[in-house]
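Since each chain sits alone in its own frame, please combine them into the complex, following the hints.
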Amino acid sequence: MTGSEAQITVSDLDMGYGDFILMRDLNFTVGKGDIFIIMGGSGCGKSTLMKILIGLKEPSRGQVVYGDVNFWEADPQEREQIMKRFGILYQSGALWSSMTLAENVALPLEQYTSLNRRQIGKIVSLKLALVGLAGFEKFYPSEISGGMKKRAGLARAMALDPEILFFDEPSAGLDPVSARLLDDLILELKESLGTTFVVVTHELASIFAIGNNSVYLDVDTRTMTASGDPRKLLAESSDPKVRNFLTRGEESAHAQVL
Amino acid sequence: MESMRGGLTKDKISLGNPADDVLVISLTGSWTSEDQSPDEHEITGILGSGSRLRTVRFDTSGLTGWDSSFLTFLVEISKYCSQLNLSLETDGLPEGAKRLLKLASAVPERQGARKDSRKEPFFSRTGGRALRVAASSAEALDFLGEAAIAFATFLRGRANFRMSDLALFLQESGSQAFPIVSLISLLVGLILAFVGAVQLATFGAQIYVADLVGVAMVRVMGAVMTGIIMAGRTGASYAAQLGTMQVNEEIDALKTLGVSPMEFLVLPRMLALVVMMPLLCVYADVMGILGGLIVGVFMLDLNPIVYLNQTKGALSLTNVWIGLFTCAVFGVIVALAGCLRGIQCGRSASAVGEATTSAVVTGIISIIVATAIITMACNVLGI
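Listed in order, the protein sequences are those of chains A and B.
If you use numbering that gives the first Met the number 0, the first sequence corresponds to residues 0 to 257, in order.
If you use numbering that gives the first Met the number 0, the second sequence corresponds to residues 0 to 382, in order.
Below, computed lysine-lysine pairings styled on BS3-like, alpha-carbon distance capped at 25 Å:
(1) Lys97/B / Lys78/B
(2) Lys254/B / Lys56/A
(3) Lys121/A / Lys189/A
(4) Lys56/A / Lys83/A
(5) Lys78/B / Lys101/B
(6) Lys11/B / Lys78/B
(7) Lys83/A / Lys121/A
(8) Lys83/A / Lys254/B
(9) Lys240/A / Lys101/B
(10) Lys254/B / Lys50/A
(11) Lys50/A / Lys189/A
(12) Lys31/A / Lys189/A
Think of the hints as simulated: they come from the structure by calculation, not from any bench.
Bear in mind that the values here come from a model prediction, so they are computed numbers and not experimental data.
Just chain B, with the same shape it has in the complex (with noise of 0.2 Å):
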């Protein structure tokens, strides 16, 4: 293959040296991104050496073909020229080929235009890192202070926002999120059950599935649920919306007008979150306790009304309590992380996305923790 290609370049390319202080580049055949063509390398060589060389020149007769691939060809042979104080003539070229060569150089480089691809230093780059993560901490913390803020006039009941909003982000946040909340939390309720019977069937208390099932789902798991899907559903929405409203610099418009972005599209979305949440925890409980049920019946034989009684019997108001608290807890940690994201987002298409994957990211990450601070902490506290 090489000698093969050595072969062709050979072919299009002679040199010819007329006087001793004149190169002539003779290119036959043709030229075009298709067909193998020589690279300059194979010139400049030749152009370095010759100690006496003053100007080059070129023979185009026997060209049949060119495109832009013979333009990036002679460009480089061009800057070689310069670089090495050679005149090139250009008369022997193609009319247009050498048109074009003109407009290329037309515009001078313009001086610190070219990006710096200088490797940083590790201890710059780790030090970098560092203030860049606390420069975001502080905006997440300024973050947070304004959504109190908002939330504050909110309740005061001088916040500006539009009702239909809401009522959209409602629905949004709400009904419309049955469907896989329901799929979700039934099979979280099945899978529970079935992990609990296997161990509790080898002591042939199969009928304590039910309080297992009950109270892991009403406590934690399903709020715990409701909260991950949410933040992957809805968390990821506000991201996506908020962030793709500051490309179109909608957001600028509404800061110019003197409206508060955090007032006008971060509240509704939060109160939307806060409200909503709790209940679909309610529905994500009945439906666990469902999914354990089908498993108590159907695998471990159970009479249905037993097995509710013993979930009944099982539950307390304070686990209920609980659940529903973690629950709006995590629909405040799911509206701030999107919407936090949303407005941090830069200018372009791919920020959109990186803000819907931080959000999601952020959302998860933050309810995890947060289960952990409310666990510990009700069982500090003995609750």
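Only chain A is shown next, with the shape it has when bound in the complex (with noise of 0.2 Å):
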């Protein structure tokens, strides 16, 4: 979509669990640089793609390439080596509630630099301060609000500077001025570092606020049914689900009015 490079190319898709197929005939590629959202209603498997993407879940069939890798088919060595690339927000933050807000984002510097404990704490301040925490290194994540739980995971996730951040529904359960101050995160990263965001969302506003790409699942047909960036599928898509769905509902409630 914005004509840069592709980082994730993602080819003939299919997933499900077992026996049961969820989705089916997935193609798409995330540009170096996008906001790439996946959309769709509830239950049609956002999450579970999210999951093939960043390893947790092996596909039925189908590709996921990372550069020109072979993310599923690489040896474990090397997709290790793919994935410490990524940072993720789960949707819940998933800190680690044994430990506390510093050392949640120190652990990834631990594993991956040589730096010493004294550079680590410096990056690990300012990470928090990036995400509005300072101060709060030596909070447990029990102590703090979901709000704050989620700028925290963020921080963590934003630890190693990834080349790639995977955001789990990061404004579910924030408040409209949270949310609104994350997508202005999303964006402020995407430009300065040049960060490849992929988001799993369905909140509208952010949809058209950060995204200039996306792809939208169809829970009905269990595949695909529109890609592209979401304010032009606003404009032009002629599929009424997608637009049913980019507009609340409103389109088709004025025509049963009608």
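Structure below.
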């Protein structure tokens, strides 16, 4: 969409659990520096698709290619190399509850860098400050609110300056202002660091504010029915379901009244 | 009661036939869940019987109150009407009820969404269970293998876990287990001595209570009691910790970071128990002998020094080593059972409960089986 080189290419992907196929024939490309939105109604498999992209669940068929490496056919070491370039924000934050926020953010740094304790401490404070949690280093995840957990999760996801950041429902459970701040942060990171984002969401406000590429998963036909810039989809798509989704069902409500 | 209900019901519904093909259902009185309201069967029978019937209308001018129970009645009637191809005119209903009825039928039922409640045939169920047993055994063996690899990595000094975690687990499974281990072992020693004393007193051989308690505690009872206590205490807690981490996606977060949960979570727990269990076992042995001593001194009037000397004479170092070895094995078993069930845990609150239960059951069964195997092996080897 942005005309830049492809970072993730998904081709002929089927996903499912056992014999049950959730979605089939997914084909899309995420370009470098894109903010790519995975959208669709509840239960359409958005989170499952993300699990496949980040290496937690194997697809039933098809390929996920990062750069020129076939992710699921690569050997485990190579896959781990690719996964090191990811940052992931889980739906509930998924902070390690037995560690303080500082320890949570520090763990990836201790794993993959040769920085000393003092340098790590500085980076940790910086990342926490970036998400608005300066001074909360010594808090445990159980001592902070849901929105703060989410932001701390983001700080941890950003710890290693990843090339691709995956967000699972970033604004779920956030108040509108915090959700807006998170969107601004995403745009800021994209501009300043050139990070690629893959965001699972159904928050329309966020979709239009940040997304420049997307895929729409349709529950009924069990496949993707649209892809591309969400604003263009809104303007040009003729698929009634996609339009219905992107307008909060207002068009079909009008149609019913008329 | 039945007749009274029938009377009430008749008061609330009356039917009219203004034309041959029209049925008017008049609903009066209060239709809330607190009142006894008639159910739809009283109407559906009449709807089905009239073959010329085309239209159903409502008259609710006498209705004084309604809530969801009124709506369920309407929904059933409307379903029945669409089955019989009768047209249902909702104009006579209260405005709110009309709109809610429309809302309830706005989104059609998703095909295939309703859970199939078909009963599985006996053979298919048995076969399914057998397959699940096979799969779960394979999973347990996988886990055992991964744990062994993680341990090998630890021996090479390359394992990836936090020392502070290990220290915490050492404290939790060590010193904090003292009170319960003291109490249980002391009482087990007391009980052994009581049971033995009654038998031995008939031969006038009370002093051999010391031998009995000493050998039994040191060789097996100390280890078994410690094992069972730790399975219930620490094994269960490990399963609940890891299960909750599974629910919170914390284990996913470790995996995607490339940190092995086996090394980071399971290994320190296993190490803590393997180090602490033999120490607890020694402590349990001492407490058990103390329990025997109490019975010996206060019930059998033995001299404490004589009792302890008799115990010392009865015990050999081999007994002690066997007890310690057994207990170290239990440490591995308890830690692995707890961690295995925790890692296998599903993603719900009840799954955490099941994981905890299953960890304790697996732990205790494995402890008893391992005791039997070790005892038999010692017997065969003549130790």
